[in-house]
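Number of protein chains: 2
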Amino acid sequence: MKAKITIKDIARELGVSTSTVSKALKDSHEISESTKAKIKAFADFYHYKPNSLALKLRNQKTMVIGVIIPEIVHHFFSRVISGIEKAANLRGYNVMICVSNESYDKELLNIEMLANGSVDGLLISLSKETQKIKDFSHFNELIENNVPFVLFDRIEESINCDKIIVDDEGGAYKATKYLLEKKCIKVALITTPDYVTVGKLRNNGYVKALNKFGLEKDPSVIIKIEKDDEDHEGIYNQIKKLIFVKNPPDGIFAVNELYAALAMKAAKERGLKIPQDIEIIGFTDGIISEFSSPSLTTVVQHGFTMGTNAAEMLINRIENKTDGDFQTEVISANIKFRESTLN
Amino acid sequence: MKAKITIKDIARELGVSTSTVSKALKDSHEISESTKAKIKAFADFYHYKPNSLALKLRNQKTMVIGVIIPEIVHHFFSRVISGIEKAANLRGYNVMICVSNESYDKELLNIEMLANGSVDGLLISLSKETQKIKDFSHFNELIENNVPFVLFDRIEESINCDKIIVDDEGGAYKATKYLLEKKCIKVALITTPDYVTVGKLRNNGYVKALNKFGLEKDPSVIIKIEKDDEDHEGIYNQIKKLIFVKNPPDGIFAVNELYAALAMKAAKERGLKIPQDIEIIGFTDGIISEFSSPSLTTVVQHGFTMGTNAAEMLINRIENKTDGDFQTEVISANIKFRESTLN
DNA sequence: TTTCAACACGAAATCGGTTTCGTAAACGCT
DNA sequence: AGCGTTTACGAAACCGATTTCGTGTTGAAA
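Protein sequences, first through last, are from chains B and V. Heads up: the first sequence at position 109 corresponds to 168 in the numbering used here, and the numbers run straight through without jumps. Heads up: the second sequence at position 138 corresponds to 197 in the numbering used here, and the numbers run straight through without jumps.
Rather than coming from a laboratory, the hints here were simulated on the basis of the structure. Every residue gets a Cβ at the ideal spot worked out from N, C-alpha and C, and that includes glycine. Be careful, since some hints might not be right.
In the EDC-like style, the derived pairs of lysine to aspartate or glutamate whose C-alpha atoms are separated by at most 20 Å in a straight line are [stated by the list, open to error]: (1) Lys63/B / Glu398/V; (2) Lys327/B / Glu285/V; (3) Lys145/B / Glu398/V; (4) Lys85/V / Glu349/B; (5) Lys395/B / Asp164/V; (6) Lys108/V / Asp164/B; (7) Lys108/V / Asp86/V; (8) Lys145/V / Asp164/B; (9) Lys145/V / Glu171/B; (10) Lys259/B / Asp226/B; (11) Lys324/B / Glu349/V; (12) Lys108/B / Asp86/V; (13) Lys108/V / Glu171/B; (14) Lys63/V / Glu200/B; (15) Lys108/V / Glu203/B; (16) Lys99/B / Glu171/V; (17) Lys108/V / Glu398/B; (18) Lys108/B / Asp68/B; (19) Lys299/B / Glu203/V; (20) Lys324/V / Glu349/B; (21) Lys99/V / Glu171/B; (22) Lys120/V / Glu171/B; (23) Lys324/B / Glu398/V; (24) Lys395/V / Glu292/B; (25) Lys63/B / Glu171/V; (26) Lys327/V / Glu398/B; (27) Lys145/B / Asp164/V; (28) Lys299/V / Glu349/B; (29) Lys327/B / Glu200/V; (30) Lys395/V / Asp164/B; (31) Lys108/B / Glu200/V; (32) Lys85/B / Glu171/V.
Which residues of chain B face chain V? A partial, calculated answer using Cβ under 10 Å [as the list claims (entries may be wrong)]: (33) Leu114; (34) Arg138; (35) Met155; (36) Leu168; (37) His291; (38) Glu292; (39) Gly345.
Input sequences plus hints: build the corresponding full structure.
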């Protein structure tokens with residue numbers, strides 16, 4: 060039950076001052092070799108480790124970066140975190156993760172919690188609620204207090220900071236274009252409400268591709284999923300309405316893999332052959348796509364890369380290794396072809 | 060660019076002492092109402108927030124719990140984290156997550172990092188490497204330093220601490236028994252090397268069920284997957300050897316969903332019908348199981364529950380709300396029936 | 001012998017708070 | 001008037017380190 064040993068304990072036991080101990084442990088030239096040896100041996104023996112809180116307070120540097128994500132049970136976000144961890148550790152930083160659970164209040168709470176000395180900087184992906192109610196005042200406070208932060212994936216243009224996003228519009232454009240080139244006549248879109256920026260951007264890409272082929276968007280084949288329920292029952296029912304009609308689409312672009320997988324399920328249930336009767340493309344880094352049957356062609360998001368790059372951006376900002384201006388990095392999204400599309 | 064405001068700034072501006080400010084902000088009766096009002100108004104105006112590092116140092120309490128997990132891009136672990144987050148926040152704690160990446164060295168580094176004042180307690184799931192080389196000395200140091208910690212899922216019996224595990228043996232027993240009751244003649248096992256404790260326990264459950272039915276284990280239908288490669292190619296090849304034989308098994312119990320999904324893939328490739336020719340059960344909380352085709356019957360692990368309970372245990376230990384003795388909590392595992400088994 | 005530098009170490013400030021203790025002024029009571 | 005008690009606040013210690021600055025001792029140069 061011996062308590063943790065401090066520098067004071069060492070000083071007392073050895074009859075020297077705390078400054079001497081501190082200097083000795085840092086191998087300062089101010090201290091004689093014999094004293095240093097004695098102090099080091101003693102510290103070693105008792106497994107002395109400096110109290111990190113004291114160091115952080117003293118140095119005004121925590122070597123911790125905070126991450127605030129909407130949810131953690133999500134393949135894309137966990138890949139992002141994985142990338143953040145990797146890059147942060149490489150540069151000597153630790154990672155503290157908080158989950159907003161898509162709630163504005165919790166996002167705000169987390170930011171306040173972390174921004175008061177606990178971390179050197181923040182990596183944030185906005186909650187859906189925040190994007191919906193469009194209240195970004197908590198970020199002004201970060202800016203006023205000079206807390207470095209980087210927004211990733213779910214960002215807000217108007218906030219003055221570094222940002223990093225997937226090329227959502229480009230990815231959606233590529234996917235839709237691919238379907239159209241494959242002679243799909245009726246390409247449906249399964250997406251989120253507009254306030255989810257990534258959903259909105261993917262919509263744009265979809266529409267652009269349609270236009271490129273001289274087509275107009277057709278509201279009857281565009282559905283926006285309102286609520287994510289835990290067991291997907293509600294989502295599935297919404298998607299069914301798209302598929303269970305007399306003349307179903309022959310191509311579907313879904314803005315995430317869950318929607319795509321459920322669309323596949325519905326299509327199979329309706330007796331459609333994939334990809335012969337209907338081709339489907341999702342958007343994600345997920346694993347559902349890989350193991351579903353048929354496996355799902357998707358636009359890949361490169362979550363890990365986003366994580367590493369976001370961490371790099373933030374740390375450069377923290378350590379003043381930037382040219383000063385805020386950047387927005389766009390990670391290009393490419394298509395990973397699997398069985399749900401003809402090739 | 061105004062810097063963060065401290066209690067000293069307030070004191071100076073208002074011509075009072077720091078103690079007065081501190082007391083006023085805590086609504087102490089020692090301070091007159093007028094002074095309190097003045098100080099609070101000033102603090103409010105400048106958005107004063109106490110520096111959390113200073114508080115932590117002073118109170119010797121961080122209200123943070125550290126989590127060390129083998130990997131984060133893993134549905135089960137992310138569910139556990141989700142549970143931890145939930146329970147911890149409910150009791151006012153924050154969560155700091157580190158990933159050992161299945162490496163002993165990194166696990167050790169993380170523990171040393173976190174154990175020095177940064178957190179009030181630790182939640183740890185052992186890395187594979189640690190389990191392989193069986194070196195647990197870093198935990199002795201935690202014990203010596205009185206750092207509360209709870210081991211979860213991947214635990215080691217001999218370490219003297221609170222533990223929480225899934226009933227791996229019981230779950231495996233139930234799964235295997237179910238297959239045998241369904242008249243499977245040749246039930247195969249796809250598992251991990253023995254040093255992975257959860258794999259080992261699931262083996263035991265498998266063998267027990269066999270014995271219950273008067274059967275002996277047959278090494279020719281038990282395969283232990285050595286290496287997890289990124290693209291699953293190596294795993295798949297090992298599993299193929301089990302399926303692509305003249306007389307393949309008619310039942311498979313796999314200790315995780317990846318192995319089960321790959322086994323399904325191999326079975327389908329060999330032309331076997333699931334579940335008519337071969338029934339398959341996995342072990343996990345994952346989402347592959349739900350979306351694979353046919354969907355996969357699995358022993359569910361209740362990762363979220365494990366997370367909440369682990370956090371509760373740890374916080375009770377931290378706050379001395381235990382009876383003193385170390386506990387090992389076992390979360391029972393039940394079978395979630397889906398399409399890969401007959402019912 | 002004086003003087004100045006080098007050496008080895010300690011005192012004290014600092015980081016940003018909390019908390020104990022001390023005390024001047026005002027007030028009440030006899 | 002004299003004495004005890006509030007009231008309202010400040011000084012200082014403390015958490016556990018680091019770091020600047022000061023100082024006593026020694027040795028060498030003048």
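Exercise for the section: Starting from Lys120/V, check that the Cα of Glu171/B is at most 20 Å away, please. Expected result: This hinted pair holds, its Cα atoms lying about 18 Å apart.
Handout entry: Given hint Glu200/B paired with Lys63/V - CA-CA distance at most 20 Å
Key = OK: Lys63/V and Glu200/B at ~11 Å, within 20 Å.
Exercise for the section: Compare the distance between the alpha carbons of Lys99/B and Glu171/V with 20 Å, and conclude whether the hinted pair is satisfied. Expected result: Within the cut-off at roughly 19 Å; holds.
Practice task
Measure nothing beyond the straight line between the CA atoms of Lys99/V and Glu171/B; if it is 20 Å or shorter, mark the hint as holding.
Solution key: Roughly 19 Å between the alpha carbons, so the hint for Lys99/V and Glu171/B holds.
Handout entry: Proposed proximity, Glu398/V with Lys324/B (alpha carbon, max 20 Å)
Key = Status holds; Cα separation ~14 Å.
Handout entry: Pair hint Lys324/B and Glu349/V, alpha-carbon separation not exceeding 20 Å
Key = Holds - the C-alpha atoms of Glu349/V and Lys324/B are around 11 Å apart, at most 20 Å.
Handout entry: Holds or violated: Lys108/B to Glu200/V, with C-alpha atoms at most 20 Å apart
Key = 12 Å, holds
Exercise for the section: Closer than 10 Å between Cβ atoms is the bar; does Gly345/B clear it against chain V? Give me holds or violated. Expected result: At about 8 Å, which falls below the 10 Å cut-off, the nearest Cβ of chain V leaves the hint on Gly345/B intact, so it holds.
Exercise for the section: Mind checking the alpha carbons of Lys327/B and Glu200/V for me, to see if they're no more than 20 Å apart? Expected result: 57 Å, violated
Exercise for the section: Compare the distance between the alpha carbons of Lys108/V and Glu203/B with 20 Å, and conclude whether the hinted pair is satisfied. Expected result: 13 Å, holds
Problem - Restraint status (C-alpha distance of Lys327/V to Glu398/B at most 20 Å) - result: Measuring from Cα to Cα gives roughly 15 Å; hence the hint holds.
Handout entry: Pair hint Lys145/V and Asp164/B, alpha-carbon separation not exceeding 20 Å
Key = 15 Å, holds
Hint check: violations occur at hints 1, 2, 3, 4, 5, 12, 17, 19, 29, 30, 38; the rest are consistent with the structure.
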